[in-house]
Amino acid sequence: MLTRFVLPRLGWAVVTIMLATMLVFGAMQALPGDAATQILGQNATPEAVFTLRRQLGLDQAPLERFITWLGHALTGNFGTSLVSGQPVGPEVGRALLNTSFLAGITIVVGFTLALVLGLVAGLFRDRWPDSLISTVALVGMSIPEFIVATLLVLMFSITIPIFPAVVVAGQNATIAELAPSMPLPALSLMFVASAYIIRMMRTSVIDVMETDYVHTARLKGISMARLVVKHVVPSAILPTLNVVAMNVAWLIGGVVVVESIFNYPGMGSLMIQSVQSRDLPTILLITVIGAMTFVICNLLADLAATLLNPRLRYPRNSK
Amino acid sequence: MITATKEDLAIDVHGLDISYMSGSRRVNVLSGVSLQLRQGEVLGLVGESGSGKSTMAGVLLASLRTSSFVSSGTVHLDGVDVFKLAGKELRAFRAGHVALVPQNAGAALTPTMRIGEQLTEGFRLDSAASETCESRRARAIELLKLVRLPDAAAALEKYPHQFSGGQQQRIGIAMALAARPRLLVLDEPTTGLDVVTQAAILDTLTRLHKELGMAMVLVSHDLGVIDKMCSQVAVLRRGKVVESGDTSTVLRNPSHPYTKGLLASVPRVTVPGIPPSLDDAAIDAFEKGAEMHPVDGALYERLAPQGTAPVLTIRGLSVDYNRKPKPGSAPTVLDVDLDVHAGEIVALVGESGSGKSTIANVVAGLQGRQAGQLTLNAQTELAPRVAHRAKSVRRAVQIIFQNADTSLNPRRTVRDAITRPLRLFNVKGLTAEQALAEVGLPVNFTERLPGQLSGGQRQRVGIARAVSAGPSLVLADEIVSALDVSVQSSILRLMDRLAKENNIGFLFITHDLAVVRSVADRVVVLYLGRIVEEGTVSEIFGSVSHPYTSLLMASVIEVGDDHSGAIAPGQDEVPAGPPAQGCPFASRCPLVMDICRSVRPPAIEVSGTHSIRCHAPLEKLEHL
Ligand SMILES: Nc1ncnc2c1ncn2[C@@H]1O[C@H](COP(=O)(O)OP(=O)(O)OP(=O)(O)O)[C@@H](O)[C@H]1O
Ligand code: SF4
Ligand SMILES: [Mg+2]
Chain A
206 MLTRFVLPRL GWAVVTIMLA TMLVFGAMQA LPGDAATQIL GQNATPEAVF TLRRQLGLDQ
266 APLERFITWL GHALTGNFGT SLVSGQPVGP EVGRALLNTS FLAGITIVVG FTLALVLGLV
326 AGLFRDRWPD SLISTVALVG MSIPEFIVAT LLVLMFSITI PIFPAVVVAG QNATIAELAP
386 SMPLPALSLM FVASAYIIRM MRTSVIDVME TDYVHTARLK GISMARLVVK HVVPSAILPT
446 LNVVAMNVAW LIGGVVVVES IFNYPGMGSL MIQSVQSRDL PTILLITVIG AMTFVICNLL
506 ADLAATLLNP RLRYPRNSK
Chain B
82 MITATKEDLA IDVHGLDISY MSGSRRVNVL SGVSLQLRQG EVLGLVGESG SGKSTMAGVL
142 LASLRTSSFV SSGTVHLDGV DVFKLAGKEL RAFRAGHVAL VPQNAGAALT PTMRIGEQLT
202 EGFRLDSAAS ETCESRRARA IELLKLVRLP DAAAALEKYP HQFSGGQQQR IGIAMALAAR
262 PRLLVLDEPT TGLDVVTQAA ILDTLTRLHK ELGMAMVLVS HDLGVIDKMC SQVAVLRRGK
322 VVESGDTSTV LRNPSHPYTK GLLASVPRVT VPGIPPSLDD AAIDAFEKGA EMHPVDGALY
382 ERLAPQGTAP VLTIRGLSVD YNRKPKPGSA PTVLDVDLDV HAGEIVALVG ESGSGKSTIA
442 NVVAGLQGRQ AGQLTLNAQT ELAPRVAHRA KSVRRAVQII FQNADTSLNP RRTVRDAITR
502 PLRLFNVKGL TAEQALAEVG LPVNFTERLP GQLSGGQRQR VGIARAVSAG PSLVLADEIV
562 SALDVSVQSS ILRLMDRLAK ENNIGFLFIT HDLAVVRSVA DRVVVLYLGR IVEEGTVSEI
622 FGSVSHPYTS LLMASVIEVG DDHSGAIAPG QDEVPAGPPA QGCPFASRCP LVMDICRSVR
682 PPAIEVSGTH SIRCHAPLEK LEHL
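So the protein sequences, as listed, match chains A and B.
Just so we're aligned, residue 206 is where the first sequence starts under the working numbering, counting upward by one.
Just so we're aligned, residue 82 is where the second sequence starts under the working numbering, counting upward by one.
Extracted from the complex, chain A is given alone in its bound form (with noise of 0.2 Å):
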């Protein structure tokens, strides 16, 4: 189990990470200009420049500097930020725990409700409920989470005004303070998420409704109930897991546009203030969050199917 599963997986896990950071610090020395004449401004003297550079270590080769940047992560130094001049870790880490408890709503009420959602539209195939369900994944899936998040905002906070249009709570607010701005930004992160779920929900408990399994276990006379919770829906979640984990993956996408039309204080903004700023050391440990987090939730689907398929947990010739 352990040879077979896990360390094949950990092995991806560490080049997924690495090619991320690597992308990353290469995109970002193709960026014209960097923290020195971000931080200086338009019209700073090519020797203020030069002397922040060095006090900064960028005048060092790019390799150079990634390889350095390499040795400090692998013992858990991060760096500091180029602008602040504080350690990147604390900052990224409120960053974090904001963006956590937003994409946390999301994925606990969006996804189960995505599930069910498909669930109901599999089984009414083709009749109201189906046509209703399928045409809002639809165009949830067609139209981009900046529409999304805008229409939202004319809806629920300038016609209805019942949610705050945008986070005023500055970068230091606690999660308590941000709670009443989270639902329009949440909303928006469910409703482009959810859509793939749903599709990928219905078209599986359609399938699943047609084998001869169902077709014979509605021959027994069982109640509805029980055949759609016992028969179809552990056989129909199980390639519906894949995308849930895919979508968790787009989650880490979806909120950086989100959260800076909201202005949320999470990893979303820091990412794109730190871009702006480019604040390397920032932007990378950000990156490794990212990938960690997509690598993680592969690595759960593929337990959590392992775990709900009884093949795979009882292989055949196991007594």
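On the chain B side, residues computed to face chain A include the following (Cβ under 10 Å):
id	residue
1	R175
2	H178
3	V179
4	A188
5	A189
6	P241
7	H242
8	A260
Rough simulated footprint, nothing fancy, chain B against chain A, three-plus residues with beta-carbon under 8 Å:
id	region
9	418-425
10	433-446
Sample of chain B residues with no beta-carbon within 10 Å of chain A, all distances over it, derived:
id	residue
11	G104
12	S312
13	V323
None of these hints come from the bench; they were simulated from the model.
A virtual CB, placed ideally from N, CA and C, is assigned to each residue, including glycine.
Chain A is already provided as a structure; the job is to place chain B with the ligands on it using the hints.
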């Protein structure tokens, strides 16, 4: 008065039409079907695929495929009009009155639920709904014991995939019995199972019928099974009942030409040669009054092959799927020697999992081997992997797969399917038209897609593809198993003609002994990847056999047998893998001795062509 007689009948179907709409046209799946069955009797439904057998089985549970509907007629079970039931009443009726054992029980068990739970949920709507957990468990165990599942208590905790096909079928039957139905409907309960497993399951059913006394309907295309099990039979053709009545009358003195044709086209272990085929032309002919040949009359005579040059020689072949052999395990295929000569059809026989396909795949170069030498035409060594073989070799060895449906790409035309492999190897062969002509298909079939062909036609396309390369050896893996008897014999004839006219050697893989008898020149019997007996077809079906071959023969069920023999308990239990030493058949053999468990039996020559691997003296191997 009428209702009283109706309630005496377990089944009373009257003038039933089941239809679906194709555009604005109404198509009948069943038309004008009327059937009656008294309480406690067993009705057999026979017919070729597409004749409406499974639809009829579904009707008895008031279950229709989506989009089909009852356009006229009624179905009464015990006086209840089943299509008048709906919702809760229908559920209660299905839960308490009638149960179905579906075709392919493996797919009919929910893979994510334990067997115990699937069984006990059948009790749910039963009168004793207030039962305790223990008593439900006890009843479930009782049911599994009833169908003779070994280790019933442990089985409750297992999942369906942990059982073999035969065991899954038994569980399916137990599940249907859970509700104590008054009518049990079985859809092809043994199709796709080995003869031995089939015999054991049918014995179980006979016993259950005696003990529980419910009425049964058994759907099958196998006339032997119907003859053994049923007191009444109805022959279906294109949705109509063409003949019905007492089984003994219908099957021994058929009056409808279709029934006669059906009976004549079945290959039999007792009769050598390929039976006449029951194609549409033949049926049309005797619908116009022509007589079908009687079963043992002018059958197609087969000639012994002329050529003697070996096209394939296998020596000492071993295949092991375990990459790191564990102690106690043994290779899947061990020490197989086998020859196929030009123009000869060699049958490789054995139950499911005996390694037949493995051997074919090794010869085709699709599967690696641990040991052994393969030689083509007594001169060319065959490399283990097809990629390392010369073009001429690849062309000379062709394989036709077990399942014609899945081996043809649904989006490629017949022409493409036939010519593509040749183009890939960049060799010249027959044109698509020539190849189609070889297998007796119209030339204008080249532009058709597989979806537009019948099962038999698809199998012909598979053969055409193999023949177009001009092979000297064709590996044919279960190519007739999925076909109706009516089409089967025409494919067998085709194979026989190709062997003789094109001098092709066939390695013909099958588990059906009757088919072997009709078409093979020589037979190799395989058990758990080891050859146990080898000989000409008449020697194999003769009076001296390996105990395993005898068991196979004893398990065959044919029309006209006395159906008195029963499989001894445990005889149908195939071990999970071959033993590391001794005779592979030791765990099931009635003649087993101490030596059998430790020493591999040597090959005993009965004649120059007949050899048996067994420790028992030849006198003991003689059977009646
Ligand atoms: N790729 C594989 N890996 C491991 N075991 C395998 C593999 N393929 C086949 N086997 C095992 O090898 C044995 C022989 O399989 P094979 O498919 O050759 O049987 P067969 O005689 O063709 O059976 P059938 O009549 O069901 O087609 C079986 O026990 C099977 O489970
Ligand atoms: S060798 Fe022994 S166990 Fe094997 S078939 Fe012969 S008598 Fe039976
Ligand atoms: Mg096979």
